Amino acid sequence: MKTKAEEYNSSLIDEIFESISPKEEKRIKSKMLLAAKIEDAMKAKGWNKTKLLEATGQKNPSVATKWFSGTHNFTFDTLFDIQEALEINLLNIEETTEEVVIKYNFVVQSVPTIYQENNPSRVKAQSHSQINSFNTSMKIAEA
Amino acid sequence: MKYKLVKISKFSGNEASVYTLLIENEQGKFEESLFDIFINENKTLYLSEIKNIFSRLKTIGNDTGARESFFKTNEGVPGDGVCALYDSPSKKLRLYCIRYGKELIVLGGGGPKNVKALQDDKKLKKENYFLRWLSKKITECIRNNDILFSNDFMDFEGDLIIKDDYEN
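Chains as they are written, first to last, in the working numbering: chain A, 1 to 143; chain B, 1 to 168.
Since the hints were made in silico from the structure, they are not lab data. Fair warning: this is a prediction, and the values are worked out from it, not measured in the lab. Some hints here could point you the wrong way.
Unchecked claim - Capping the alpha-carbon separation at 27 Å, the derived lysine-lysine pairs in DSS-like fashion look like this:
{"hint": "1", "chain 1": "B", "residue 1": "K29", "chain 2": "A", "residue 2": "K2"}
{"hint": "2", "chain 1": "A", "residue 1": "K4", "chain 2": "B", "residue 2": "K102"}
{"hint": "3", "chain 1": "A", "residue 1": "K2", "chain 2": "B", "residue 2": "K4"}
{"hint": "4", "chain 1": "A", "residue 1": "K31", "chain 2": "B", "residue 2": "K58"}
Please model the entire structure based on the sequences and the hints provided.
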């Protein structure tokens, strides 16, 4: 029989967790996510550490290990070089304008002329209903 | 003496599960964990490093998984997965773990490293060699089908009590 692991917690673990400031936790998490982003971008390009170091003008082979450790304090210049080499956005300093495009679809039914001539009252009622439904769509789109 | 593998819920998340080991006491109960012992031993002198390791473990569990690059690998014998977690390389405190891919880690003990080789420090050697032994025992249990990985490799299942005595 497959027995699942018991979940464990302790008052000591809770106590330490409570003493960690959200800002410090966020700082550590950001460092680790940055390291992961760089490593993933390097792999996505099909590069290894040596290739990345070449592309960023680094000579010390142990530097990449530090970069990926999630503990490294990067300088602006290093981040800029990595960003340019891997063609990713790490610094995000340029203001960007976001273009929002709203698309909507509506159906326009065309009624054959011969039908209109033979059923003038029905055509009038149908057209009225189509205009109403079109206006409703426009209002939704504008909202 | 018996040891029980348990999952620390506060660190575990969608990306990785974090386990530790409960040690059987003289009354036959499993109460204190290796990780709690590690915290108690080091919280007075290395509290900021412990807090850092806590945040790192939480991020590993919930956001990044146990990426190899976040650990100092090859701290045991080849293939046993024993590695170390630390605040930053310049800091002293080391927490030894066993890493099973990006999905699962087992936390052991550790201590401050003030020597070049861990074998030069009695305490570090003891903690590290215990994890080497534990890794070997878990591998044996997996081979005997006593311990299994869940389908997503994020959990251990089966008989999670290690019954052998550790011989130092």
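query = Going through the earlier hints one by one, which of them does the structure break, listed in rising order?
reply = Structure breaks no hint.
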